[in-house]
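First to last, the sequence lines map onto chains A and B. Counting with the UniProt record's numbering, you get residues 1 to 116 for the letters of the first sequence. Counting with the UniProt record's numbering, you get residues 1 to 174 for the letters of the second sequence.
In short, the hints are calculated from the structure, not lab data. Please note: incorrect hints may appear among the correct ones.
Unchecked claim - Listed next, the in silico SDA-like pairs over lysine to any residue satisfying Cα-Cα at most 20 Å (straight line): (1) A:Lys-73 <-> A:Arg-93; (2) B:Lys-46 <-> A:Glu-47; (3) B:Lys-46 <-> B:Phe-7; (4) B:Lys-46 <-> A:Arg-36.
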Amino acid sequence: MAVIRIDGDDLVVMMEGLDKLWAFKGSLTIPLANVRGVTADPGMAAEPKGMRAPGSHVPGVIIAGTFHQHGEKVFWDVRDPAKAVVVELADERYTRLVLQVEDPRATVALVESALS
Amino acid sequence: MGRPRAFDEEEAVRAAVGLFGGRAYDGVSVDDLVGHLGVHRNSLYKTFGSKRGLYLTALRRHLADDLRPLLETLADAPDVAAVLRLVTSADLGLLLLAAVERAPVDEEVATEVRTALAAVDRAIADALGVPADMAAALTSAALGILLRGNPDDVGAALARRLDSLTGERNPTWQ
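Please work from the sequences and hints to get the whole structure.
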């Protein structure tokens, strides 16, 4: 589970609980200028994910870690597809983040209001 | 496994106009978009950034494709009846849904809707030679008829009333 919040001109992703073990040391800060959008997308988890980067450990039911596909680098941390949001980035290490959040609609509203 | 195939962006955006105009913003999932637009999910995100990004692109396309022709035909409208008939028969589904559903929560959508309706007001004002506020009132009446239908032919009743006034070289508009 991830918590997305807005801190000034940044979008901050905090990983909760055990998820921080395999996720960028617990948090990731991205300038809002590099956030192209965020979308609630329960169907995303069914997409092909490409090659997992070395080093990410993924036990069965959870999709987590860094994946490479078609030259894109995508970070995944999703256990419950119904709660997945897709954060599209520009000029960042990751092309996009696919994260599980508590309330996808509220997260989308939060980020979109910060972007506008 | 190949790369995602290239897609026709024009065609995809037109399909999105149809989807959002028919089912509203919240009624369209990314699965729906991927299924109907001929776009891979990753390409969709790469091209439009988000569902909202695609929606804004689709709304602008709708206004360019569907509103602009209305403005052109309105320029030749001879009377109130023609104005009401033209506006109520135009394909403005996505604009109406945007006004109701997204404009209250999305400033960029609100701006597009405001600008679009102001353009309709101007076209009516120019065509009939009526003041801006009266033109806006006619736009509002036409949108009301679009939403409500035309019970007891209120459009004709309004047109009769107003055209008899405009026929007198509109002294009452001042």
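Hints, one by one, checked against the model:
no., hint, verdict
1, A:Lys-73 <-> A:Arg-93, "7 Å, holds"
2, B:Lys-46 <-> A:Glu-47, "15 Å, holds"
3, B:Lys-46 <-> B:Phe-7, "12 Å, holds"
4, B:Lys-46 <-> A:Arg-36, "9 Å, holds"
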